[in-house]
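4 protein chains.
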Amino acid sequence: MDYVYGPGRNHLFVPGPVNIPEPVIRAMNRNNEDYRSPAVPALTKTLLEDVKKIFKTTTATPFLIPTTGTGAWESALTNTLSPGDRIVSFLIGQFSLLWIDQQQRLGFNVDVVESEWGQGANLDILASKLAADTAHTIKAVCIVHNETATGVTNNLAKVRRILDDYSHPALFLVDGVSSICALDFRMDEWGVDVALTGSQKALSLPTGMGIVCAGPKALEATKTAKSVRVFFDWNDYLKFYKLGTYWPYTPSIQLLYGLRTALDLIFEEGLDNVIARHSRLGKATRLAVEAWGLKNCTQKEEWFSDTVTAVVVPPYIDSSEIVRRGWKRYNLSLGLGLNKVAGKVFRIGHLGNLNELQLLGCLAGVEMILKDVGYPVKLGSGVAAACAYLQNNTPLIPSRI
Amino acid sequence: MDYVYGPGRNHLFVPGPVNIPEPVIRAMNRNNEDYRSPAVPALTKTLLEDVKKIFKTTTATPFLIPTTGTGAWESALTNTLSPGDRIVSFLIGQFSLLWIDQQQRLGFNVDVVESEWGQGANLDILASKLAADTAHTIKAVCIVHNETATGVTNNLAKVRRILDDYSHPALFLVDGVSSICALDFRMDEWGVDVALTGSQKALSLPTGMGIVCAGPKALEATKTAKSVRVFFDWNDYLKFYKLGTYWPYTPSIQLLYGLRTALDLIFEEGLDNVIARHSRLGKATRLAVEAWGLKNCTQKEEWFSDTVTAVVVPPYIDSSEIVRRGWKRYNLSLGLGLNKVAGKVFRIGHLGNLNELQLLGCLAGVEMILKDVGYPVKLGSGVAAACAYLQNNTPLIPSRI
Amino acid sequence: MDYVYGPGRNHLFVPGPVNIPEPVIRAMNRNNEDYRSPAVPALTKTLLEDVKKIFKTTTATPFLIPTTGTGAWESALTNTLSPGDRIVSFLIGQFSLLWIDQQQRLGFNVDVVESEWGQGANLDILASKLAADTAHTIKAVCIVHNETATGVTNNLAKVRRILDDYSHPALFLVDGVSSICALDFRMDEWGVDVALTGSQKALSLPTGMGIVCAGPKALEATKTAKSVRVFFDWNDYLKFYKLGTYWPYTPSIQLLYGLRTALDLIFEEGLDNVIARHSRLGKATRLAVEAWGLKNCTQKEEWFSDTVTAVVVPPYIDSSEIVRRGWKRYNLSLGLGLNKVAGKVFRIGHLGNLNELQLLGCLAGVEMILKDVGYPVKLGSGVAAACAYLQNNTPLIPSRI
Amino acid sequence: MDYVYGPGRNHLFVPGPVNIPEPVIRAMNRNNEDYRSPAVPALTKTLLEDVKKIFKTTTATPFLIPTTGTGAWESALTNTLSPGDRIVSFLIGQFSLLWIDQQQRLGFNVDVVESEWGQGANLDILASKLAADTAHTIKAVCIVHNETATGVTNNLAKVRRILDDYSHPALFLVDGVSSICALDFRMDEWGVDVALTGSQKALSLPTGMGIVCAGPKALEATKTAKSVRVFFDWNDYLKFYKLGTYWPYTPSIQLLYGLRTALDLIFEEGLDNVIARHSRLGKATRLAVEAWGLKNCTQKEEWFSDTVTAVVVPPYIDSSEIVRRGWKRYNLSLGLGLNKVAGKVFRIGHLGNLNELQLLGCLAGVEMILKDVGYPVKLGSGVAAACAYLQNNTPLIPSRI
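In the order they appear, the protein sequences are chains A, B, C and D.
For what it's worth, the numbering used here labels the leading residue of the first sequence as 1, then goes sequentially.
For what it's worth, the numbering used here labels the leading residue of the second sequence as 1, then goes sequentially.
For what it's worth, the numbering used here labels the leading residue of the third sequence as 1, then goes sequentially.
For what it's worth, the numbering used here labels the leading residue of the fourth sequence as 1, then goes sequentially.
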């Protein structure tokens, strides 16, 4: 029973879960193992060491939690904060909305800074709030690096600068779900206290592993954080780290081997090359959108995301119909518009293990769908724009030179 | 890089994670998919319907949570109870201990009923506590069906009887991690309010899915339960069940397809045949232990477990050395003794997708190891005892008659 | 060690081996089995029955030989002919050339009918030869249905007509390696005596199985055919067919299960839909080539192949450089020009398990490569032409309506 | 559709095809690739270099032919001999019989030296034939190193000695199908001119690759050998070896990667350790047979095979019933008795990627089956005998020390 089967490959362009590279699929194609044998801790040790590299941190402590991004969020909050704590959080799209909802339900006092969907976090308001907060009642600043619903990338370096400007001690918590390992992210340089991602995003693994890095200040905060936590408690992990057995409960053997291979592939390509590739594919997508005469949901270039592009459709078209036709006619999986932008945007995910020709196939598909639904696109126009850019910017595959 | 490799198969006899059947490994050998396409909800719908069958319930609501058994525990508690609630919980081994630890850290008032490790839950004490509790201050009775550390199976039907005897309204919460789908378990008949298991146990999948069934009384209890919860909140699932999209956050596509195949295999063999097979393998193991002149950690036959046997070694032997040699010399993975019984017992897991000859290979291996570590076993004795029983009781494979 | 790895998928557009569908990869992901158990013959029986459907024959006997197309050729010849036998064979490209070389080395008296590369078989010469051969010295007419080197499809119905016109009893032997299961092929209707293909072509399996169908007249011919043969002897198979064990020597278990799934997928899509899909993709490719201002190596429309297009490059470009750059820069695998057309053509294979968007990604890639090597292509032009056609002709995926 | 499925693993103890190690299954779990890209020749080059090591040759040229053992036989004969050539061949069981049948059908003048099934090749007769053949009419001596039907290993070193004693120039052709990479085999030291094996035997791959090594004298012989050959012609390979593209026709990409991993695993374990492991498992099996009171089909210890044991059953038992029950009741695949020994022997294959506990599970199964069919075996007796030996002789797994 294969629910998804049609002739040829499924073209997976949702912004997660993303395409898994063949070597990773292979690595995960295995029986279970005893996680208390000497082999699994030995493997885990390499993973914990290497996963820090994709966060660009040498000082933080990583946790590989059997959960999703939502669980990773929860671990970041409950390990560092206490109910009633005041936190500043930016609402700029569906995923920041969901995180704020979680923050509120976990009992924090959330100071929501809202922007229009399609804009980045309003950092001027952050500055004024921090300026006013001489009593340091703000315990944490929570921000989604890349809002997957609108394709908006926030400026984290600037958040750090503002915190520093006011010498504010608030923790800096970052959702890097659709950014880490695809966009420029520098945990140590930007003084991020907790950063997290999910296995099914830029790491190009199946869903099921929340990857959280906690800096020294965040670990210190766990000592006073009164939020109730057991499954997500970092201290349970730390206890087993000391023992060298690493796991407070059973990990997914398959995901461990998968992560090993995923990291190997990333390091083989070079993390900076991976990020540059995302930049190229993002740019090519935006050029195609422009050529189609459509608008990016993201309102300013400074916020353009290199991992997902939300495309605004004309009012006479239902963007959900675009996604539906992609699925039914071309075996193309695009992202729906969510919540406020439902029906108004569709999304092209261009993150993870992807290359130029895969993207161009997707763009050609979008052109045909646009025509299908009555938008007067000039067929080939977006592909041409993307090709013109890519043909000048795509490097040779290093291992094949 | 294959940390676990040696010539031939690894003989996996820890009581979880267990051997994955080849058809399930195949089913999971796939790329990611868009979980918002029509295919994934269609698949999920069949899973939610069919997973109830292995709990023997028609009235409960299942949740397939991307977590481990520990997370499934947490969801059972936080969705139905409020901090400060009095609960009765039985401490009979390492896993009941860990659950009680969780219960305490989640802020419940835990009335611990302790037994010697190797004994079952003391249900007489339960009876007296319920008798005394005319005010119904006990909000829940929490019990581990099968204590994986000692190989003790508790009598759930009797728990139900006692609750009924006193017409006590306490919720009946069951950890079925190493029992459901392997031992006789009847959620509806026994009036269990919440039952849970993990994918890597009798279902023979990789780790990563906590499977929880909540009966009507448990769902009712969620309305007043004040425990803080977001990731584990059943209501977030129920909202998406109503929409027919099923997932509040991203599921593991691979585990969904894996579960589909796992259930298909179980139904093809017949759930009762699966349970009978576990009974046969459990009995054969105990006969071997007896033939070796060793003692079962479980003190009475009524508690003998058909999914795991903890074998007591003589005081002059360190049971950890047995596990170590199994790994190093025979590619055999046995379970360590944990906590109070560390060094004193080793464990043979005989659950999940397993057959007679696999077990006999393991038993032969244990005999050689026992000799390796200086125990005067008669080689072949345990295998002979097991064979004598199995040769008379193993049915033909139905699909091959 | 993964020699072929680069970021993203490899875009495989050689005319074989072709892309394997995920369900087939899954089906082949398995341990060996005893081929003398009851299971393998039961499986084989279904394969022999079903494989006839893709040849459109009910009267022929199929052989699944552990070999390549070259071996399948050899089996067709040695089982039906004797050294010295006169045969007519058409030389129109590299693969017909290789078959003729084999025919000569096997000791037949080959009457070669040569055409310019890029033209189809000269059937007028066939007619005159048959007309002259009143003594019936011609024992067989050998023809490649689809010459993979030049993208030329021969008219088999016409070959049959000519044979019938002269009531000539020569055997009609067809190489259907790059046609069967992709192009219109009718073994019974066209009176083909032996037809053959290879697993790695339209069936979209790994290499390793030569699939040969022998009609009643061909089987009759085996009785007098004196060519030396053992490994390729059909009679060894027929002996085991009678016994119901089917295999004179060990088959590949993996390929058997793979073929089962491949056939299931083809029947699920519908053989006629599969052929129609190839026709669409072939037409789209040719429209792109035209838009680029390049010439099809195939000189007339009647010979255009729906499984492979050989594109002629201008004299100032080395077509091998196009293939090299596809590999090195875009992870695109195109077919080289072979022998007489080496350096002059490159080939786009569009056969097997493939869909529209995969092809469009390839075409976009070719456009960039053409620009890379200095050909003044208008970027997007070929994709636009292909899209314009496909957008009007691609049906919904039946299973998703 | 899984024809072979039953609960737990299938216990595969036929003497081929044998169990594939998980890392090899993983390595083969992949899409097709263009075999004309730079990657496949680079991979092939390492394979051709490394495969010679398992033949213990530095001077021979290897061919990886897409065929089975039967095809490998054919290539050995047709490349080196001419029709009518006199060859000496030993008939000692079903596989030597089949090879002789092939030799005769290929037109050679076969001087058959027959022994009772269960005995080795009669080398005294060879000596007398060579002594008499002062005219050197004998062009080749053909011998099966290990007769898989009876479990007889011939003494190749002695064959060489006899050839040398008479300074006879006959080619020395060896079928090493069930020996190479499992038994002591030394191509160069023993002056073997052609040796061959199949991928599905000790190399533990799927069926589909015939591996043939031809020494300098054999390559020289190709120049005068008049046997008709095309598909099996080594010269077609040699032509492509020179070009560095290696393949005269399409290889199985999956088998190439599989072979790479298989060789890596063998070298990691150490070829001598692999051979020692086969020796241990063979010895343990024979000790079990003895303990059961049954006879080895092989009549003398000097011929005992370390890769397969044919066990003679009492006259009142049909050995086929033993194989049938193994399959139907215990998911155990044993080898049937073939031809002259059909019904009289069953065979336990103990070759390929296998370890002690797998074998012991099989032996326990055989004991139960023997009891099932009415043989008065003492349950546990064979396992005890095997364990007693193995417990004293099994080394630690080197990578785990």
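Keep in mind the hints are simulated off the structure, nothing from the lab.
Mixed in with the good hints, there may be bad ones.
All copies of an identical chain are treated as equivalent in the list; a pair is satisfied when it fits inside any one copy or across any two copies.
Claimed, not checked - Below are the DSS-like pairs computed for lysine-lysine, each with C-alpha atoms no more than 30 Å apart in a straight line:
1) K217 with K300
2) K371 with K295
3) K242 with K328
4) K53 with K129
5) K371 with K344
6) K129 with K328
7) K139 with K378
8) K139 with K328
9) K217 with K371
10) K45 with K340
11) K371 with K239
12) K226 with K139
13) K283 with K378
14) K129 with K371
15) K239 with K328
16) K328 with K283
17) K223 with K378
18) K328 with K53
19) K129 with K378
20) K56 with K344
21) K217 with K340
22) K239 with K340
23) K344 with K242
24) K295 with K242
25) K300 with K56
These are the hints, each one checked on the structure:
no.: 1; hint: K217 with K300; verdict: neither (34 Å within a copy, 52 Å between copies)
no.: 2; hint: K371 with K295; verdict: both (17 Å within a copy, 29 Å between copies)
no.: 3; hint: K242 with K328; verdict: between (52 Å within a copy, 24 Å between copies)
no.: 4; hint: K53 with K129; verdict: neither (33 Å within a copy, 55 Å between copies)
no.: 5; hint: K371 with K344; verdict: within (17 Å within a copy, 37 Å between copies)
no.: 6; hint: K129 with K328; verdict: neither (49 Å within a copy, 52 Å between copies)
no.: 7; hint: K139 with K378; verdict: neither (52 Å within a copy, 57 Å between copies)
no.: 8; hint: K139 with K328; verdict: neither (48 Å within a copy, 51 Å between copies)
no.: 9; hint: K217 with K371; verdict: neither (53 Å within a copy, 53 Å between copies)
no.: 10; hint: K45 with K340; verdict: between (43 Å within a copy, 28 Å between copies)
no.: 11; hint: K371 with K239; verdict: neither (58 Å within a copy, 35 Å between copies)
no.: 12; hint: K226 with K139; verdict: both (13 Å within a copy, 25 Å between copies)
no.: 13; hint: K283 with K378; verdict: both (20 Å within a copy, 20 Å between copies)
no.: 14; hint: K129 with K371; verdict: neither (48 Å within a copy, 54 Å between copies)
no.: 15; hint: K239 with K328; verdict: between (50 Å within a copy, 26 Å between copies)
no.: 16; hint: K328 with K283; verdict: both (28 Å within a copy, 22 Å between copies)
no.: 17; hint: K223 with K378; verdict: neither (60 Å within a copy, 55 Å between copies)
no.: 18; hint: K328 with K53; verdict: between (40 Å within a copy, 28 Å between copies)
no.: 19; hint: K129 with K378; verdict: neither (48 Å within a copy, 54 Å between copies)
no.: 20; hint: K56 with K344; verdict: neither (36 Å within a copy, 45 Å between copies)
no.: 21; hint: K217 with K340; verdict: neither (36 Å within a copy, 36 Å between copies)
no.: 22; hint: K239 with K340; verdict: between (44 Å within a copy, 18 Å between copies)
no.: 23; hint: K344 with K242; verdict: between (51 Å within a copy, 24 Å between copies)
no.: 24; hint: K295 with K242; verdict: neither (52 Å within a copy, 34 Å between copies)
no.: 25; hint: K300 with K56; verdict: within (27 Å within a copy, 56 Å between copies)
Checked against the numbered hints given earlier, the structure breaks hints 1, 4, 6, 7, 8, 9, 11, 14, 17, 19, 20, 21 and 24 and satisfies all the rest.
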